[in-house]
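A.B. asks: Sequence:
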Amino acid sequence: MRKPIIAGNWKMNNTQAEAVELINALKPLVADVTKTDVVVCVPYTCIEKVKKAVRGSKIKVGAENVAWADKGAFTGEISANMLKEVGAEYVIIGHSERRQYFGETDKTVNMRTVQALKNDLKPIVCVGETLDEREGGITNKVLDTQLYGAFEGFTQDDIKKVVIAYEPVWAIGTGKTATSEQANDTIKYIRKVLAKMFTRPVANKVRIQYGGSMNPKNASELMAMSDIDGGLIGGASLKAEDFSKVVKFNG
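The working numbering puts the first residue of the sequence shown at 336, with every later residue one more than the last.
Keep in mind that the hints were calculated from the coordinates and are not lab data.
Bear in mind the structure is a predicted one, so any value in this text is a computation, not a measurement.
No residue lacks a Cβ here, since even glycine has one placed at the ideal position from N, Cα and C.
It is possible that some hints are incorrect.
Claimed, not checked - Simulated DEER-style distance windows between Cβ atoms:
id	residue 1	residue 2	range
1	T369	K574	19 to 25 Å
2	T440	K531	27 to 33 Å
3	T380	G472	39 to 45 Å
4	G411	A530	34 to 40 Å
5	T369	A404	36 to 42 Å
6	M532	E356	38 to 44 Å
7	S515	E412	35 to 41 Å
Claimed, not checked - When the alpha-carbon atoms are kept at most 30 Å apart in a straight line, the in silico DSSO-like pairs for lysine-lysine are as follows:
id	residue 1	residue 2
8	K453	K531
9	K453	K442
10	K457	K580
11	K346	K386
12	K384	K574
13	K583	K393
14	K453	K511
15	K338	K552
16	K580	K552
17	K362	K476
18	K346	K583
19	K393	K495
20	K419	K386
21	K370	K527
22	K386	K523
23	K495	K476
24	K531	K496
Use the sequences and the hints to build the structure in full.
C.D. replies: Here it is as structure tokens:
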């Protein structure tokens, strides 16, 4: 049985003071949650403050990106060691916004994920197709390329440590929405690809989240699907009440 994981992606939101205020509001709302892993992935500047704020709770802290090198001339990047030092346990890699705006590729996703694992960070690796790709009928082809690229050279032990987040980019900010069945079918396909790469028993152990605007209204329906193991939550993670309702998807 795969343990569900709900991870908030704050993106470029919240100062340190706002971050602490949000965590203080969230902690009592999820204090009784035991059957779901709860993670907040926050801006670099907030990690240390948030790590202190979550003390006494089961909330884990993550970053939104990690460099592919230990150190060096990579202006603006943050190394895994730096993230570990301030308390990060998880890290999002390959988010669609990183791919769209900052030139992230399947190769750099692979390099960043390798670096995360090398430093005992838990990677949340994002994959997903655009609207043009979905309407062009090449979703599976795109996912094949992303998955084989992201996990090239990985062992079975490596992939077991990874969380995958399926983001249907076409359902984010377009007015279009993925049905629970569409989301589950695509995640089931991702698991099928993992089975080819790493064997079916291994694929069955990998947790795969849905990252297409999961919120309090649709969380229960999405989480009832056979292959959806959690959510990578954007907007709803910025409000303690909304995020807690997603975390408590069973009611």
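A.B. asks: Please go over all the hints and tell whether each is borne out by the structure.
C.D. replies: Going down the list of hints, with the structure as the test:
1. T369 / K574: 19 to 25 Å: 23 Å, holds
2. T440 / K531: 27 to 33 Å: 22 Å, violated
3. T380 / G472: 39 to 45 Å: 42 Å, holds
4. G411 / A530: 34 to 40 Å: Given range 34 to 40 Å: holds, Cβ gap about 38 Å.
5. T369 / A404: 36 to 42 Å: This hint holds: roughly 38 Å between Cβ atoms.
6. M532 / E356: 38 to 44 Å: 43 Å, holds
7. S515 / E412: 35 to 41 Å: With Cβ atoms ~37 Å apart, the hint holds.
8. K453 / K531: 24 Å, holds
9. K453 / K442: Holds - the C-alpha atoms of K442 and K453 are around 17 Å apart, at most 30 Å.
10. K457 / K580: Cα-Cα ~24 Å, so holds.
11. K346 / K386: Roughly 17 Å between the alpha carbons, so the hint for K346 and K386 holds.
12. K384 / K574: Holds. K384 to K574 sits at ~18 Å (cutoff 30 Å).
13. K583 / K393: Since the Cα atoms of K583 and K393 sit roughly 14 Å apart, the hinted pair holds (cutoff 30 Å).
14. K453 / K511: The hint is violated at about 38 Å.
15. K338 / K552: Status holds; Cα separation ~21 Å.
16. K580 / K552: The given pair, whose Cα atoms are some 9 Å apart, holds under the 30 Å limit.
17. K362 / K476: The given pair, whose Cα atoms are some 41 Å apart, is violated under the 30 Å limit.
18. K346 / K583: Given that 30 Å is the threshold and the Cα spacing comes to 22 Å, the pair holds.
19. K393 / K495: Judged against 30 Å, a Cα distance of about 22 Å means the pair holds.
20. K419 / K386: Holds: K419 and K386 sit about 11 Å apart, inside 30 Å.
21. K370 / K527: 26 Å, holds
22. K386 / K523: Not OK: K386 and K523 at ~34 Å, beyond 30 Å, violated.
23. K495 / K476: Within the cut-off at roughly 23 Å; holds.
24. K531 / K496: 18 Å, holds
Of the numbered hints stated above, those contradicted by the structure are hints 2, 14, 17 and 22, listed in ascending order.
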